[in-house]
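Student: Sequence:
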Amino acid sequence: MDYLPVFLNLKNKKILVIGGGDVAYRKIQLLIDAGADVFIVSKELCFNLEIFVKKKKIQWIAKKFRPEHILDKFLVIAATNNQDLNIQVYREAEKNNIFINVVDHPDLCSFIFPSIIDRSPIMIAISSGGKAPVLIKQIREKLEAILPLHIGKAAQIAGKWRNKVKQKIYSSIDRRNFWEKLFRSNFLFLANRGNESEAEKYLEDSLYHNYHKTEGRVVLLGAGPGDAELLTLKGLQILQQADVILYDNLVNRKILDISRRDAEKIFVGKKAGNHLMVQEKINNLMVMHANSGKLVVRLKGGDPFIFGRGGEELHFLQKNNILCEIIPGITSAIGASAYFKIPLTHRNVSKGVTFITGHNQEEEETLPWEAISHFNHTLVIYMGKMKAQFIQDILIHYKKDILTPIAVISKATCPDEKIFTGTLSHLAELADKSEFPSLLIIGDVIELYKLFNVS
Numbered sequence: 001m002d003y004l005p006v007f008l009n010l011k012n013k014k015i016l017v018i019g020g021g022d023v024a025y026r027k028i029q030l031l032i033d034a035g036a037d038v039f040i041v042s043k044e045l046c047f048n049l050e051i052f053v054k055k056k057k058i059q060w061i062a063k064k065f066r067p068e069h070i071l072d073k074f075l076v077i078a079a080t081n082n083q084d085l086n087i088q089v090y091r092e093a094e095k096n097n098i099f100i101n102v103v104d105h106p107d108l109c110s111f112i113f114p115s116i117i118d119r120s121p122i123m124i125a126i127s128s129g130g131k132a133p134v135l136i137k138q139i140r141e142k143l144e145a146i147l148p149l150h151i152g153k154a155a156q157i158a159g160k161w162r163n164k165v166k167q168k169i170y171s172s173i174d175r176r177n178f179w180e181k182l183f184r185s186n187f188l189f190l191a192n193r194g195n196e197s198e199a200e201k202y203l204e205d206s207l208y209h210n211y212h213k214t215e216g217r218v219v220l221l222g223a224g225p226g227d228a229e230l231l232t233l234k235g236l237q238i239l240q241q242a243d244v245i246l247y248d249n250l251v252n253r254k255i256l257d258i259s260r261r262d263a264e265k266i267f268v269g270k271k272a273g274n275h276l277m278v279q280e281k282i283n284n285l286m287v288m289h290a291n292s293g294k295l296v297v298r299l300k301g302g303d304p305f306i307f308g309r310g311g312e313e314l315h316f317l318q319k320n321n322i323l324c325e326i327i328p329g330i331t332s333a334i335g336a337s338a339y340f341k342i343p344l345t346h347r348n349v350s351k352g353v354t355f356i357t358g359h360n361q362e363e364e365e366t367l368p369w370e371a372i373s374h375f376n377h378t379l380v381i382y383m384g385k386m387k388a389q390f391i392q393d394i395l396i397h398y399k400k401d402i403l404t405p406i407a408v409i410s411k412a413t414c415p416d417e418k419i420f421t422g423t424l425s426h427l428a429e430l431a432d433k434s435e436f437p438s439l440l441i442i443g444d445v446i447e448l449y450k451l452f453n454v455s
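Numbering (UniProt numbering), first residue to last: 1 to 455.
Just so you know, the hints here were simulated from the structure itself, not pulled from any lab data.
Below 20 Å or equal to it, Euclidean Cα-Cα: the simulated PhoX-like pairs (lysine-lysine) are:
hint: 1; residue 1: LYS14; residue 2: LYS63
hint: 2; residue 1: LYS281; residue 2: LYS265
hint: 3; residue 1: LYS265; residue 2: LYS254
hint: 4; residue 1: LYS400; residue 2: LYS351
Here are the in silico distance ranges between beta carbons for each label pair:
hint: 5; residue 1: ASN321; residue 2: LYS281; range: 15 to 21 Å
hint: 6; residue 1: GLY35; residue 2: ASN321; range: 45 to 51 Å
hint: 7; residue 1: SER425; residue 2: PHE267; range: 35 to 41 Å
Every residue gets a Cβ at the ideal spot worked out from N, C-alpha and C, and that includes glycine.
Take the sequences, apply the hints, and build the full model.
Tutor: Here it is in structure tokens:
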């Protein structure tokens, strides 16, 4: 071990920084956040450090370094481009047994700055000892992605109640079991959502009213339009915690690969004309697993509330007194059009957009097709491949211009995505060439596809 990881309390400690550029500014920001008293020596200061001086956040004590500057300091940071000066500062600090960091020179450091993930009071520090900073940056990004932004709230509440728990539960083993169970419960869910008062009430009830039953819950999660990297950050975090995942046919399997490894994964997908599992059974599965104390993720392609039966499932869960959270996803219309550079609205072309489903559009009365045919803005039809001929015929029947530009997009945002463009008179023909899942876009914005995708 080249370095011993420690966390220093720098509140009101005197810290000397030599250098006044952007690098020094970044270090000083961290020191100020930690409550340190910062003194700076530099010939000149960058704009941001000048602001700090004016606001009296730091003290500019000299333009030229002198050895006596370090004598009463807790630690010293050298952030200059002058190697001779850096070496001088290092030697003076070592001679006086003061911790020294010369930025980007590990051989001139008695301490180093790790990469930090701040979820105060939870802090995570990562370091390679200066050997692979880019690798550390990538590791930090991955950890940032899986840690909820409000997880520090849970730690703050726990710290506030620590003595009360100790007074109520005498056994250290029982206390540990209490905390472990609490952090697996809806307490963490409430704290992570920023509901501090509700989370604290949950802790109080668990402590004084012996709420020992582990409460389950369901999360309706939108997986996005296809590309696994379009999953939201919050979606990734909840997948890392899930006990059970009920997933649809349209969900990219790579998303399942980044979910919790030991989660029970149940395929409940539906294809056109082939329902592997009826909706009633899916509903009952969610309730059953939640009632057994599990975190259930109902993972849907796109967004749960855009033709995803999310509203029906939420209603069923609420009727059965199951706590339910909604995490939205990028709906396929937005993802598909964006990937092919088709703006669904454009102030010079289309000032609105209408989303409808083509699924089970068997009769003219199903939707107000006459009104739809006269819309002056973009029309997006989900699940329209099988009914493309009907959609084409009824729009033309109600006098929609047969030369209206259209696009059929299949497997949007995936490596094998395809787009077919033409006019309304060729809608059924182009839809027949596409693969499931496909999306129909009708309107003048398709002309912009040709403009923005010139090779």
